[in-house]
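Novice: Sequence:
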Amino acid sequence: MLLCNVRVKRNQKNAYIIRRVVSYLPGESYLNRTRIPGYLRALPVFLAGLFCITLTAKPREKLRLIEADRLEQITRGDVVLKKLTGNVHFRKGAVDLKCELAYWYEKDERADFYRNVYVTKRNQVLQADTLIYLAASEIILANGNAVFNDGEVELTARRLKHYVEDDVSEAAHNVKLTGTQRTVLAERLSYFSEKKKAIARQNACIRDSRRNITLFGDSLVYFNDSENIEATQNPYVVKYDSTGKENFRIRGDIIRAYEDQGQFVSIGNVKIWRDDFSAYAEELEYYDSLEVAEMFGKPQVYRDGQDLSGERMKLQLQDELLQALFIYENAVAASRSIAYLPYDQNDSAAVAKRDSVRIYDEITGKFMEIYFEEGQTDSIRVSGMATSYYNVTEDSIIQGVNIASGDTVVMLFDERRMQLITVIGGAEGKFIPDPTNTSMDTTVVYSAARIDYYLRDKITFLEDQSSIESGDMRLTAGRIEVKWNENLLYAYPRGTAPFDSLSGDLPTLYQSGREPFAGDEMVYNMKTKRGRIVQGKTKEQDGYYYGEDISKVSTKEFFVRNGVYTTCDIEDSPHYYFKSNRMKLIHKDKIIARPIVLYIHDIPLLALPFGIFPNKGGRRHSGWLMPTYGESGRDGGNIRGLGYFWAPNDYYDLKLTLDFYDRVGIITKYATRYKKRYVFDGSISGRYTNEFLSDYMRREWTLNVRHNHKLSP
Numbered sequence: 076m077l078l079c080n081v082r083v084k085r086n087q088k089n090a091y092i093i094r095r096v097v098s099y100l101p102g103e104s105y106l107n108r109t110r111i112p113g114y115l116r117a118l119p120v121f122l123a124g125l126f127c128i129t130l131t132a133k134p135r136e137k138l139r140l141i142e143a144d145r146l147e148q149i150t151r152g153d154v155v156l157k158k159l160t161g162n163v164h165f166r167k168g169a170v171d172l173k174c175e176l177a178y179w180y181e182k183d184e185r186a187d188f189y190r191n192v193y194v195t196k197r198n199q200v201l202q203a204d205t206l207i208y209l210a211a212s213e214i215i216l217a218n219g220n221a222v223f224n225d226g227e228v229e230l231t232a233r234r235l236k237h238y239v240e241d242d243v244s245e246a247a248h249n250v251k252l253t254g255t256q257r258t259v260l261a262e263r264l265s266y267f268s269e270k271k272k273a274i275a276r277q278n279a280c281i282r283d284s285r286r287n288i289t290l291f292g293d294s295l296v297y298f299n300d301s302e303n304i305e306a307t308q309n310p311y312v313v314k315y316d317s318t319g320k321e322n323f324r325i326r327g328d329i330i331r332a333y334e335d336q337g338q339f340v341s342i343g344n345v346k347i348w349r350d351d352f353s354a355y356a357e358e359l360e361y362y363d364s365l366e367v368a369e370m371f372g373k374p375q376v377y378r379d380g381q382d383l384s385g386e387r388m389k390l391q392l393q394d395e396l397l398q399a400l401f402i403y404e405n406a407v408a409a410s411r412s413i414a415y416l417p418y419d420q421n422d423s424a425a426v427a428k429r430d431s432v433r434i435y436d437e438i439t440g441k442f443m444e445i446y447f448e449e450g451q452t453d454s455i456r457v458s459g460m461a462t463s464y465y466n467v468t469e470d471s472i473i474q475g476v477n478i479a480s481g482d483t484v485v486m487l488f489d490e491r492r493m494q495l496i497t498v499i500g501g502a503e504g505k506f507i508p509d510p511t512n513t514s515m516d517t518t519v520v521y522s523a524a525r526i527d528y529y530l531r532d533k534i535t536f537l538e539d540q541s542s543i544e545s546g547d548m549r550l551t552a553g554r555i556e557v558k559w560n561e562n563l564l565y566a567y568p569r570g571t572a573p574f575d576s577l578s579g580d581l582p583t584l585y586q587s588g589r590e591p592f593a594g595d596e597m598v599y600n601m602k603t604k605r606g607r608i609v610q611g612k613t614k615e616q617d618g619y620y621y622g623e624d625i626s627k628v629s630t631k632e633f634f635v636r637n638g639v640y641t642t643c644d645i646e647d648s649p650h651y652y653f654k655s656n657r658m659k660l661i662h663k664d665k666i667i668a669r670p671i672v673l674y675i676h677d678i679p680l681l682a683l684p685f686g687i688f689p690n691k692g693g694r695r696h697s698g699w700l701m702p703t704y705g706e707s708g709r710d711g712g713n714i715r716g717l718g719y720f721w722a723p724n725d726y727y728d729l730k731l732t733l734d735f736y737d738r739v740g741i742i743t744k745y746a747t748r749y750k751k752r753y754v755f756d757g758s759i760s761g762r763y764t765n766e767f768l769s770d771y772m773r774r775e776w777t778l779n780v781r782h783n784h785k786l787s788p
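Numbering-wise (my numbering), the sequence shown opens with residue 76 and increments by one.
There could be a bad hint or two in this list.
Unchecked claim - Okay, derived cross-link-like pairs now, DSSO-like style, lysine-lysine, Cα gap no bigger than 27 Å in a straight line: (1) K785 x K750; (2) K196 x K271; (3) K173 x K320; (4) K665 x K751; (5) K157 x K173; (6) K441 x K389; (7) K631 x K665; (8) K602 x K558; (9) K558 x K665; (10) K346 x K270; (11) K173 x K158; (12) K602 x K631; (13) K167 x K271; (14) K157 x K182; (15) K604 x K505; (16) K751 x K730; (17) K167 x K157; (18) K558 x K533; (19) K389 x K346; (20) K158 x K251; (21) K196 x K158; (22) K631 x K604; (23) K167 x K196; (24) K196 x K173; (25) K137 x K196; (26) K389 x K505; (27) K750 x K730; (28) K272 x K251; (29) K251 x K182; (30) K750 x K665; (31) K271 x K346; (32) K182 x K167; (33) K271 x K320; (34) K751 x K785.
The set of hints was computed from the structure by calculation and includes no laboratory data.
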């Protein structure tokens with residue numbers, strides 16, 4: 076029991092010495108770095124005492140002096156110690172301690188080492204300016220340029236505390252841990268030799284020279300063998316280019332690095348910075364060898380005034396330059412900018428100013444691909460219910476909004492400006508002019524299988540099953556070209572002639588209240604409502620009109636060059652028709668032609684200097700009457716109804732017609748009608764028949780007179 080008491084006292088004394096020496100180091104020691112209640116802290120001391128009592132018979136190895144050039148016994152205060160100089164060598168177990176000057180407190184099992192301090196333990200080496208060895212507790216305290224080598228690992232610091240039995244080192248102040256590929260810097264670091272594990276704290280960072288990557292954080296856990304890392308407490312990763320310039324940085328609540336995969340994982344409140352963009356997400360995975368970063372949890376990217384978002388994103392870099400960005404599910408690319416309103420016409424030039432407006436552009440879809448060239452946006456491709464909302468400007472002045480949608484939307488850029496928008500698959504859209512747009516005041520609705528919009532030239536091409544609608548006008552064709560600066564529509568069929576009118580490719584103009592116009596080519600001005608049709612055709616009342624060139628000069632008037640008018644419903648080759656070099660169509664009024672030639676089976680039969688055909692849909696109007704052509708076995712070919720109708724006023728009219736039968740002869744008909752409402756009405760009609768072509772020639776005439784007169788009582 077007496078020996079045990081001595082050992083307990085010595086342990087308590089050593090504990091006092093440990094506390095005194097450890098106080099030289101800033102912060103908490105390895106033994107006390109975990110904050111626990113006081114009664115739990117006392118528990119290990121109690122158990123240690125109990126352990127000593129139960130093992131009094133077990134021998135304990137002491138610190139032994141192996142050699143020294145000189146040994147002196149000196150006194151410091153009431154403490155007797157030994158001073159050793161020259162080739163000093165101590166040993167305890169596997170630990171060898173060497174120096175040029177040492178002070179040995181033999182009773183306290185403590186030795187202080189100075190000058191060329193050198194400690195070895197198997198393959199471990201520790202060097203320092205000064206060193207204190209507490210043999211009883213197996214603790215080494217190294218001060219001043221401490222260097223600890225453990226195989227491929229080198230740990231340097233101003234102060235270092237090493238627990239011999241646990242093989243754990245704690246370093247403080249200007250700490251540096253160097254491995255095969257990485258370097259750890261920190262203010263404090265705990266190194267576990269058995270696991271080759273390091274915990275760095277306070278302004279810690281890990282540098283990867285091979286990958287040009289540095290990981291920063293207030294708490295870093297590093298496994299040297301696997302080179303895996305976990306960083307907490309404000310961690311972030313910085314990637315440098317080959318010149319040492321920062322390429323990008325990644326921040327998160329937790330960052331993990333996996334060397335075998337070349338992967339960094341950032342979790343919680345993730346943010347990425349680059350000179351050309353910044354990004355946010357809940358989780359990020361970066362593969363350095365592939366230069367790929369994947370973001371999860373509704374990531375967002377901000378670049379060049381654009382906001383990009385989706386459910387998941389993938390960033391692709393190449394040679395440290397951004398090459399591509401892929402957005403999965405609910406992809407959105409939006410941008411905000413400034414446009415201007417036109418000058419107020421009421422202001423003088425000296426005081427005129429333009430008001431600015433904020434504009435918002437957006438493109439959405441299920442999947443989005445963005446490609447970059449030399450760091451600048453080169454193209455954007457959106458697929459899956461893609462929609463584009465784009466503000467059209469000219470010289471920064473707002474013109475209106477263009478909205479387009481389709482299966483796929485592709486955008487091409489040049490010098491950071493959008494040059495082309497292509498919509499593919501079920502493309503449709505509309506242009507809504509701004510209220511200040513004086514060149515266009517009507518919404519334009521369009522659709523096609525494919526739409527190409529060239530922003531610099533302000534030209535749109537609609538391909539295949541194209542349709543465009545403005546006001547009461549609708550134009551369909553195989554291909555339509557829109558020149559927005561000139562408000563002109565150009566319509567063409569697709570393919571080569573002859574064109575099939577039933578396929579929907581033939582340009583056709585529809586207007587409210589009139590029959591459609593069709594032709595091989597068509598031009599239409601959306602502002603003036605005028606147009607021109609090449610090889611056009613239309614139907615007016617009971618007649619059909621064709622022309623090499625049809626020009627719309629107003630809402631009701633059309634000029635036709637080399638026009639044809641017929642009531643025959645055979646479109647390609649009518650049996651009979653009137654043809655005129657110049658023809659004017661007045662909708663629901665009349666048709667004026669000069670000169671005019673009657674053709675039957677493409678044979679000219681009758682020429683007149685001019686002709687006027689009524690076109691009022693049943694209403695009375697003076698003009699030539701269009702004949703009809705027919706054939707019969709008895710009479711042969713015939714023309715019926717050629718004549719003239721004269722209606723000078725609302726009280727009477729006159730109608731004169733001629734029928735011709737090539738096997739019979741002619742029949743001339745005459746009819747006059749008159750009427751005065753509530754007083755009288757009547758008619759005089761006659762008929763003259765001359766069958767001079769018949770085998771039985773004959774002539775006859777008839778006259779019919781009818782008169783009704785109301786007599787007042």
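Novice: Next, verify each hint and record whether it holds.
Specialist: Each hint tested on the structure:
1. K785 x K750: It holds: about 12 Å lies between the C-alpha atoms, which stays within 27 Å.
2. K196 x K271: Satisfied, since the Cα-Cα distance of roughly 16 Å is no more than 27 Å.
3. K173 x K320: violated, 45 Å
4. K665 x K751: holds, 26 Å
5. K157 x K173: Answer holds: K157 to K173 is near 16 Å, not above 27 Å.
6. K441 x K389: Measuring from Cα to Cα gives roughly 15 Å; hence the hint holds.
7. K631 x K665: Holds: K631 and K665 sit about 11 Å apart, inside 27 Å.
8. K602 x K558: Between K602 and K558 the Cα gap is close to 12 Å, so the pair holds against 27 Å.
9. K558 x K665: violated, 33 Å
10. K346 x K270: violated, 32 Å
11. K173 x K158: Answer holds: K173 to K158 is near 14 Å, not above 27 Å.
12. K602 x K631: holds, 16 Å
13. K167 x K271: holds, 24 Å
14. K157 x K182: Distance of about 11 Å is within 27 Å: holds.
15. K604 x K505: holds, 19 Å
16. K751 x K730: Roughly 19 Å between the alpha carbons, so the hint for K751 and K730 holds.
17. K167 x K157: holds, 17 Å
18. K558 x K533: holds, 6 Å
19. K389 x K346: Holds, at roughly 14 Å.
20. K158 x K251: It is violated: about 33 Å lies between the C-alpha atoms, which goes past 27 Å.
21. K196 x K158: holds, 24 Å
22. K631 x K604: holds, 10 Å
23. K167 x K196: holds, 10 Å
24. K196 x K173: Holds, at about 12 Å.
25. K137 x K196: Roughly 16 Å between the alpha carbons, so the hint for K137 and K196 holds.
26. K389 x K505: Roughly 33 Å separates the two Cα atoms, so the pair is violated.
27. K750 x K730: Between K750 and K730 the Cα gap is close to 15 Å, so the pair holds against 27 Å.
28. K272 x K251: Holds, at roughly 14 Å.
29. K251 x K182: With a Cα-Cα distance of about 36 Å, the restraint between K251 and K182 is violated, given a limit of 27 Å.
30. K750 x K665: holds, 24 Å
31. K271 x K346: violated, 31 Å
32. K182 x K167: holds, 15 Å
33. K271 x K320: Roughly 31 Å between the alpha carbons, so the hint for K271 and K320 is violated.
34. K751 x K785: Roughly 10 Å separates the two Cα atoms, so the pair holds.
Hint check: violations occur at hints 3, 9, 10, 20, 26, 29, 31 and 33; the rest are consistent with the structure.
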